[in-house]
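Top line first, the protein sequences correspond to chains P and B. When the letters of the first sequence are read in order and numbered with my numbering, they come out as residues 1 to 296. When the letters of the second sequence are read in order and numbered with my numbering, they come out as residues 1 to 370.
Keep in mind the hints are simulated off the structure, nothing from the lab. Just so we're clear, the structure is a prediction, and the values are computed from it rather than from any experiment. All residues carry an ideal CB built from backbone N, CA and C; glycine is no exception. A hint or two may mislead.
[Said to hold, decoys possible] Label-pair restraints from in silico Cβ distances: (1) Q29/P to D165/B: 54 to 64 Å; (2) M210/P to S106/B: 19 to 29 Å; (3) L134/P to G14/B: 17 to 27 Å; (4) A26/P to Q133/B: 58 to 68 Å.
[Stated by the list, open to error] Which stretches of chain P does chain B cover? Using the computed rule of at least three CB atoms under 8 Å from a CB of chain B, they are: (5) 195 to 203; (6) 211 to 221.
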Amino acid sequence: MTTVEERQALPQPTRARVLDPAQRRALRQMKLRRAGTYALAIGIAIWILLPIWLIGTMAFSPSDQVYAYPKPVVPVPFSTETMQFFLEYEGIMAATQNSIVVALVTLALSTVIAVPAGYAISRYIFPGRDAFRLGVLAVRAFPIVILAVPLAVTFIQWGMYDEVYTVALMHTALTLPTTILVVSSVFASVPREFEEAARIFGCTPVQAFMRVVLPLVLPGIAAAAIFTFVMSWNEVFAATLLTIRNRTLPALILYTLNKSSIQFQYAGGFFMLVPSLVFIFFIRRYLFNMWGQITK
Amino acid sequence: MAEIRVENAVKTFGKVVAVDDVSLTVHDQEFVVLLGPSGCGKTTLLRAIAGLGMVDSGRVMIGDRDVTYLPPKDRNISMVFQSYAIFPHMKVYENIAFGLKMKRASKEEITQRVKAASELLHIEDFLDRYPSQLSGGQRQRVAVARAIAVRSQVLLMDEPLSNLDALLRLEMRAELKRLLAEINATTIYVTHDQIEALSMGDRIAVMKTGRILQFDSPTKVYDMPADQFVGGFIGTPPMNFLQGQVRRENGAVQVYIGDFGLKPIPEMEPLLRSYDGEVIVVGIRAENMEALSQPAEDALPVMVLVVEPLGSQNLLTIKIGDDVIKVSTHPDFTVAPDQNIWIRFPSEKIRWIDRRSGKTLIPNLEELMA
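Input sequences plus hints: build the corresponding full structure.
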């Protein structure tokens, strides 16, 4: 494009700059529109990044800095005192352990269920396919509040209440729609011809899947699994409802929120935030794929 | 020996009949092209032969084996896909070796055959690369090399050249033809490109709406299309069709285009006699008509609408009655639009087509011999 413009501009370098008023107006409007778009994007970015930045700096500032104004851009002087206090607080380590167990069990269950489901949705047209897809999404359509109360009652009746694995079951149900969606889009990005070619050249359907499809989807499935982990790690409502003693980290933090100091809240927020940020950063490409931006 | 025989194959998708009672025999080592517009069932038929989609009823035989319900891997076939379908996570070498590895060929044999196949397709320098590092044309070569490396007796090709640009396609066409002649496999080649079909196939099966309309040599399909669809589908420009009126005068049959009488060859007369007083479709190819700039007794005066100089020929668009036809002339034949010229119809090049059935009238040779 630039070369074309340059070539056109070459013969009459001076005349190209003379714009009539209508053109000038159009040009100004175009620039204004573009500036508007950028302003909006920057606004949204600030809206999201500012709290993260605030939590990050406050978590690593000495406790008296929290009340200081204006806040420093970077935590100077740097201090791990607040973080240390948070991590040594009673129950935090146990809750962290609970959270990790819940997230791992959720990840495992959810992946084991979502991979065949996603494969089926992306590859086969079967009776009830649309109903199944709708059913999967419907779980998310209900507010968790509505689902959680009867579930809590049921779990109490079954004697499964206040167990880490119960929370994992609930989280599996909550994360499955997204996981299935991501996994099926990952499978959809592998052309069916790959499997067919493998079968032509001597594979059984299972061999074709193992030798050709699996190596190609593995990174995507890993991404979906990590995303599931993050969703479970962050989930607070169901975890709060379904546990009393065996709280997960978000449930514990929420529970102690109004009783704790503001420094404690910053430290807790930061501790919750980091795994999500790190994981999402690594799998962002696959999350974008979820909306169908798959290119060959 | 690997003759492919399809008997009464039927395949439906819901209410759509993709393959409608097709029978087809491809001789050992023959190169047959399945040609037709999109949706005519040619790919479905190929997939049924490959085992990637089973027929609803009918039978598929490869060699002397009934493979109708065998999975692809047990059919001893290989295939080139339209999208190439070479595996992106394997290097070119592993792609070509894939079929051999699955058949548990020995290491030495694999190395030797991959080498041979890659040399045949001039990709021996890329064996260490991943497909993403190759151009479209090179990927296509990998797909072909992978297919011929297994040396199966049957090679199926599904529009293998359609993703290449025009120049590369022209080059690969000739190369593939040479290659396929060399490897002696029975080949079925699916395409919608009639030039590809004409230039490559030993025989062409022209398909439409799930049926085979004609199954003949390229020359025959081009010169003596079995019906109006085949004539109109094959050839650039396609065959011209004119409305003619059959009239019997003094025992002889003439077909009138307006006031101009065409005299059929004697072999056609008995067939045309039954159309006395009816309208018949006159089919003739653009290059089979002779354009004259001077009036002649046996030539029809017409007006030129458009002149398209194509280098090797001048293509004239001409209106006769309500029909618009194309006539190709020598590039030296100079004519301007709205000018009058005269057209001569060589009677042995005219095809007579039943207006209702669309079928070409073919003289019954036995009757003529008697």
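Verification of the supplied hints:
| no. | hint | in the structure |
| --- | --- | --- |
| 1 | Q29/P to D165/B: 54 to 64 Å | violated, 40 Å |
| 2 | M210/P to S106/B: 19 to 29 Å | holds, 23 Å |
| 3 | L134/P to G14/B: 17 to 27 Å | holds, 22 Å |
| 4 | A26/P to Q133/B: 58 to 68 Å | violated, 44 Å |
| 5 | 195 to 203 | holds (count 8) |
| 6 | 211 to 221 | holds (count 3) |
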